[in-house]
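These protein sequence lines are chains A and B, in that order.
Take the first sequence: its position 5, counting from 1, is numbered 5 in my numbering, and each next residue is one higher.
Take the second sequence: its position 7, counting from 1, is numbered 7 in my numbering, and each next residue is one higher.
Each hint should be verified, as a subset may be incorrect.
To be verified - Derived pair list, reagent style BS3-like, types lysine-lysine, alpha-carbon separation capped at 27 angstroms:
| no. | chain 1 | residue 1 | chain 2 | residue 2 |
| --- | --- | --- | --- | --- |
| 1 | B | 57 | B | 42 |
| 2 | B | 83 | B | 42 |
| 3 | A | 55 | A | 78 |
| 4 | B | 78 | B | 57 |
| 5 | B | 42 | B | 78 |
| 6 | A | 73 | B | 42 |
| 7 | B | 83 | B | 57 |
| 8 | A | 73 | B | 57 |
| 9 | A | 55 | A | 73 |
| 10 | A | 70 | B | 78 |
| 11 | A | 55 | A | 70 |
| 12 | B | 78 | A | 78 |
Unchecked claim - For each label pair, taking beta carbons as the anchor points, the in silico distance ranges come out as:
| no. | chain 1 | residue 1 | chain 2 | residue 2 | range |
| --- | --- | --- | --- | --- | --- |
| 13 | B | 99 | A | 28 | 16 to 26 angstroms |
| 14 | A | 28 | B | 98 | 20 to 30 angstroms |
| 15 | B | 76 | A | 27 | 27 to 37 angstroms |
| 16 | B | 97 | A | 73 | 44 to 54 angstroms |
| 17 | B | 22 | A | 52 | 50 to 60 angstroms |
| 18 | A | 28 | B | 24 | 15 to 25 angstroms |
| 19 | B | 73 | A | 7 | 14 to 24 angstroms |
| 20 | A | 18 | B | 99 | 38 to 48 angstroms |
| 21 | A | 30 | B | 18 | 20 to 30 angstroms |
| 22 | A | 10 | B | 85 | 22 to 32 angstroms |
| 23 | A | 47 | B | 52 | 18 to 28 angstroms |
| 24 | A | 26 | B | 13 | 29 to 39 angstroms |
| 25 | A | 60 | B | 15 | 22 to 32 angstroms |
Stated by the list, open to error - Footprint (simulated), chain B over chain A, 3 or more residues, beta carbon under 8 angstroms:
| no. | region |
| --- | --- |
| 26 | 14-26 |
| 27 | 56-67 |
| 28 | 77-83 |
Honestly, the hints are just simulated from the structure, not real lab data.
For each residue, glycine too, the CB sits at the ideal point set by N, CA and C.
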Amino acid sequence: AQTVTQSQPEMSVQEAETVTLSCTYDTSESDYYLFWYKQPPSRQMILVIRQEAYKQQNATENRFSVNFQKAAKSFSLKISDSQLGDAAMYFCAYRSAVQGAQKLVFGQGTRLTINP
Amino acid sequence: EPEVTQTPSHQVTQMGQEVILRCVPISNHLYFYWYRQILGQKVEFLVSFYNNEISEKSEIFDDQFSVERPDGSNFTLKIRSTKLEDSAMYFCASSGTRYGEAFFGQGTRLTVV
């Protein structure tokens with residue numbers, strides 16, 4: 001079974017600075033998808049960024065980018081120019097690309113605080 | 001912007017009672033999911049649903065749980081006889097394609113007393 005580990009329960013960063021959230025995962029599969037979800041106090045989980053394992057290029061979405069290291073099974077999220085609205089729980093998630101597999105496997109989450 | 005809507009936002013029920021959690025997925029989506037998050041723990045997959053049947057379920061999703069799409073818009077999770085350990089935040093999600101982005105609702109906090 002696949003597992004996702006986020007080793008940083010909490011992180012904080014000064015507004016406008018850069019922060020990196022760590023995520024590692026364990027799988028025997030070669031094709032899969034990785035995600036970062038943001039969960040603000042409103043509780044609704046919002047997709048931040050997505051990476052397909054077969055793509056070597058790291059995904060980017062505006063201020064958000066990932067460092068995907070397939071061999072190391074590492075998938076970190078970098079937030080540049082941090083804003084107060086970035087404060088939230090961040091979850092790393094894995095989904096298999098096997099036919100019929102749809103479930104997301106989540107990590108424990110990292111609570112990100114932005115200091116003004 | 002279309003969104004997944006869950007009702008109620010908070011439900012308190014007595015142990016042993018049946019509870020139904022309701023979700024309205026995004027209208028043109030075909031794949032539906034339930035996840036739960038026990039306070040302080042990770043989000044866990046419960047079940048996925050497509051074409052009016054369960055396509056995948058976790059070991060958590062035992063005989064006490066059932067899902068249904070009773071009409072063209074609602075997607076429900078029923079817990080037949082609630083236990084204290086069912087207290088959690090329950091999230092509904094939907095996606096338009098099998099491997100598309102899952103859009104989550106705001107969750108229903110279930111408290112079993």
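Query raised in the report: Which hints from the list above does the structure break, by number from lowest to highest?
Result: 10, 12, 16, 17, 18, 19, 20, 21, 25, 26, 27, 28
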